[in-house]
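**Student:** Chains as they are written, first to last, in full-length UniProt numbering: chain A, 1 to 325; chain B, 1 to 326.
Please note that a few of the clues may not be correct.
Said to hold, decoys possible - Taking lysine-lysine and the BS3-like style, the derived pairs with C-alpha atoms no more than 30 Å apart in a straight line are:
(1) 33(A) - 295(A)
(2) 315(B) - 181(B)
(3) 101(B) - 47(B)
(4) 315(B) - 219(B)
(5) 40(B) - 181(B)
(6) 33(A) - 301(A)
(7) 101(B) - 301(A)
(8) 301(A) - 21(A)
(9) 162(A) - 181(B)
(10) 40(B) - 219(B)
(11) 181(B) - 47(B)
(12) 33(A) - 101(B)
(13) 33(A) - 21(A)
(14) 315(B) - 162(A)
(15) 40(B) - 162(A)
(16) 21(A) - 261(A)
(17) 101(B) - 21(A)
What the hints assert, rightly or not - Sample of chain B residues with no beta-carbon within 10 Å of chain A, all distances over it, derived:
(18) 35
(19) 87
(20) 129
(21) 130
(22) 202
(23) 223
(24) 282
(25) 313
Hint data in this document are derived by calculation from the structure and do not stem from the laboratory. None of these values were measured; they are calculated from a predicted model. All C-beta atoms, glycine included, are put in the ideal place defined by N, C-alpha and C.
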Amino acid sequence: MDPAALLAAYEQMTVIRRTEKAAHDLFLQGLVKGTTHLAAGHEAIAVGASAALRPDDYVFATYRGHHHAMARGATPEECLAELMSRATGLCKAKGGSMHLTKASTGMLGSYAIVGAHLPMAAGAAWSARLRGTDQIAVAFFGDGATNIGAFHEALNLAAVWKLPVLFVCENNLYMEYTPIADVTAVARPAADRAPAYGIPGEVVDGNDVVAVQETVARLAARARAGDGPALLEAQTYRHFGHSRADPATYRPAEEVERWLKHDPLDLARGQLAEMGVAEAVLGEADERATAVVRKAVEAAKAAPPADPDEALTDVWADGGAAWRT
Amino acid sequence: MADVISYREAVAEGIAREMRRDPSVVCLGEDIGEAGGVFKTTVGLFKEFGPQRVWDTPISEQAIVGAAMGAAMTGMRPVAEIMFSDFLACCWDYLANEIPKVRYMTGGQVTVPLVVRTANGGGLGFGAQHSQATENWALTVPGLKIAAPATPADVIGMMAAAIRSDDPVVFFEHKGLLASKGTPPPPDHVVELGRAAVVREGADVTLVALASMVPVALKAAELLSGEGIEAEVVDLRCLVPLDVTTVLTSLGRTSRLVTVEENPYQGGWGATLVSVVADEGFDLLDAPVRRVAGDCVPLPFADALEERVIPTVEKVVATVRGLAAY
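Chain A on its own, in the form it takes in the complex (with noise of 0.2 Å):
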């Protein structure tokens, strides 16, 4: 990356650090309801991952997606608008935290039985392949997805059909509440699972947001030159707990201390002093950043609540919810 590109990431996270902590406060003021699931400390997989993906490439994510959805070009006003249940929101209010989703932007969906999405995205690699683009898409899950069936479905479907899909497991060293070591056979819950089905299988640093970057982008040139999937596991952590019910009070203080200063947002900070980019510099991106979740609430804020007349469209492609003739 160069200090240009770097710069831009490192905005790009800060605005969704700068998001999760406006709908960290709005729950706290009821003003979002349900749970969330903020991804605080993962935002450098997503921007790495995106800065490395063409406009064009599908990406799909979990229930823990904010960073994913905004990486990928949903603005933090509409995120927020739809956590707030406002007409204005992402997916009209229909969908919430757990199923943000742009679709014009190849922003496939958040999807939140865990694992059920990396099929799907072997399938979208596999409708490319089909009509003849050189698109990838792209499956972001959890360490907790590595044991469920369809991550072994859907990786041998992709080996086999030797589709040009990613796979990356963001490996925050917990199951929801249980640490993934506790329930998994091998040490890389993702990486070591990759030689069962003859396709390279990685580790990076997943608070780095250039390793991120580089790496997906050798993996992804690799699947569009038809080579075939590959597992990615970006080792990260989160900031708060599994949700917003969740005060994480099992994990070791001084692991929590060790990741906290291991900042995904600090480390971009001294990646582009290294490379010469003033402090001052920062500091004005860190400003626009501001200023930009600061207005995305105060427009979610002023945006009309969803019309209930909404609940009974968008089941069927006509539009409506009829089941009868």
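Fit chain B to the given chain A structure using the hints.
**Tutor:** Structure of chain B alone, referenced to chain A:
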């Protein structure tokens, strides 16, 4: 084309017609390629369209339906085969949580035009895990269209409508009907989803049936005719969309209703239909409604046991006779 076509041949013919007219139609499933399908319902497709459009998959029901979904979201019209409908349970997440909900929960951003075909039903002695009539599983989930043709012509016409549908369709092909024969329909024959057919007219009682139960209801109607009871037989053809109008119109003529369902009584589609009739057509009834349905047990293996628990012509006749005397 031959003078007659079997239901089994009609499946492949219906798919082939759509594959010829639309290059975005592709097939995937276990053993569907050179082998022509375990029920020989895809014979000829691999030869005509090749391995780029007819894909053999591993035994991976989640990958089959999940990949079909991803392909459908990105410009293809996949036709996925799940060999026996019992195996839909192996990919139930996709049918219950993913495919039917993605359009809604994305606020209408994503369309999933796919068909999941499957061999449904009993009567062939395949035992409890290869014989179930599972269309009711799909009926519990908003967002799936459900087709279950009873004749070769309907297989072709409804397959065309299902593949052209921008909404996901679960297409139940009945194992017990695969060898049945009928007249092949003309080119570009399309049977709109959600249009029931009155396949026999009668003034005394309406029998509403689906798939393999249509010939059972027709045979019962013939026997009843000999006793002076004229049954009207409605082939429902689809559960979603549900053609309530045709049922209520028929009921307006007959004032008596019997549903004939292969599935277990417990949770069967007849219960939904009957509840709609109770809500909207109560004044049309001159007698209680009756449901002839499977017993609430796993399908047994032996013929004698299987016949004991799934609807037969005799059971339908006995039920109608009782109702006529009401």
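**Student:** Each hint needs a verdict: does it hold in this structure or not?
**Tutor:** Hints, one by one, checked against the model:
Between the alpha carbons of residue 33(A) and residue 295(A) the distance comes to roughly 21 Å, so the proposed pair stays at or under 30 Å and holds. With a C-alpha separation of about 25 Å, the suggested pairing of residue 315(B) with residue 181(B) holds against the 30 Å cut-off. Distance check on the hinted pair: residue 101(B) and residue 47(B) sit about 36 Å apart at the alpha-carbon level, beyond 30 Å; violated. The straight-line distance between the Cα atoms of residue 315(B) and residue 219(B) is roughly 12 Å, inside the 30 Å bound, and the hint therefore holds.
Only pairs whose Cα atoms come within 30 Å are accepted, and residue 40(B) paired with residue 181(B) is accepted, the gap being roughly 15 Å. About 14 Å separates the Cα atoms of residue 33(A) and residue 301(A), which keeps this hinted pair within 30 Å; it holds. This hinted pair checks out: residue 101(B) and residue 301(A) have alpha carbons roughly 27 Å apart, not beyond 30 Å. For the given pair, residue 301(A) sits about 15 Å from residue 21(A) by alpha-carbon distance, which is consistent with the 30 Å threshold.
For the given pair, residue 162(A) sits about 41 Å from residue 181(B) by alpha-carbon distance, which is inconsistent with the 30 Å threshold. Straight-line distance between C-alpha atoms of residue 40(B) and residue 219(B) comes to about 27 Å, which keeps the hinted pair within the 30 Å bound. Straight-line distance between C-alpha atoms of residue 181(B) and residue 47(B) comes to about 24 Å, which keeps the hinted pair within the 30 Å bound. Pair hint residue 33(A) plus residue 101(B) holds up; C-alpha atoms about 20 Å apart against a cutoff of 30 Å.
Note on residue 33(A) and residue 21(A): the hinted pairing holds, with a Cα-Cα distance of about 15 Å set against a maximum of 30 Å. Distance hint between residue 315(B) and residue 162(A) is unfulfilled; the C-alpha atoms sit about 54 Å from each other, more than 30 Å. A hinted pair counts as satisfied when its Cα atoms are at most 30 Å apart, and residue 40(B) with residue 162(A) qualifies at roughly 28 Å. The straight-line distance between the Cα atoms of residue 21(A) and residue 261(A) is roughly 18 Å, inside the 30 Å bound, and the hint therefore holds.
Restraint check for residue 101(B) and residue 21(A): satisfied, since their Cα atoms lie roughly 29 Å apart, inside the 30 Å limit. At the 10 Å boundary, the C-beta of residue 35(B) stays outside the reach of chain A, the nearest C-beta of that chain being 17 Å off. No beta-carbon of chain A comes within 10 Å of the beta-carbon of residue 87(B); the shortest separation is about 13 Å. Even its closest Cβ contact with chain A, about 18 Å, leaves residue 129(B) beyond 10 Å, as expected for a residue assigned away from the interface.
With 10 Å as the threshold on Cβ separation, the claim that residue 130(B) sits away from chain A holds: the shortest Cβ distance comes to roughly 21 Å. With a least CB separation of 23 Å from chain A, residue 202(B) remains clear of the 10 Å interface cut-off, as annotated. At roughly 31 Å from the closest C-beta of chain A, the C-beta of residue 223(B) stays outside 10 Å, upholding its exclusion from the interface. Every C-beta of chain A lies more than 10 Å from that of residue 282(B), the closest at about 17 Å, which supports listing it as non-interface.
Interface exclusion of residue 313(B) from chain A stands, the closest Cβ pair being 29 Å apart, more than 10 Å.
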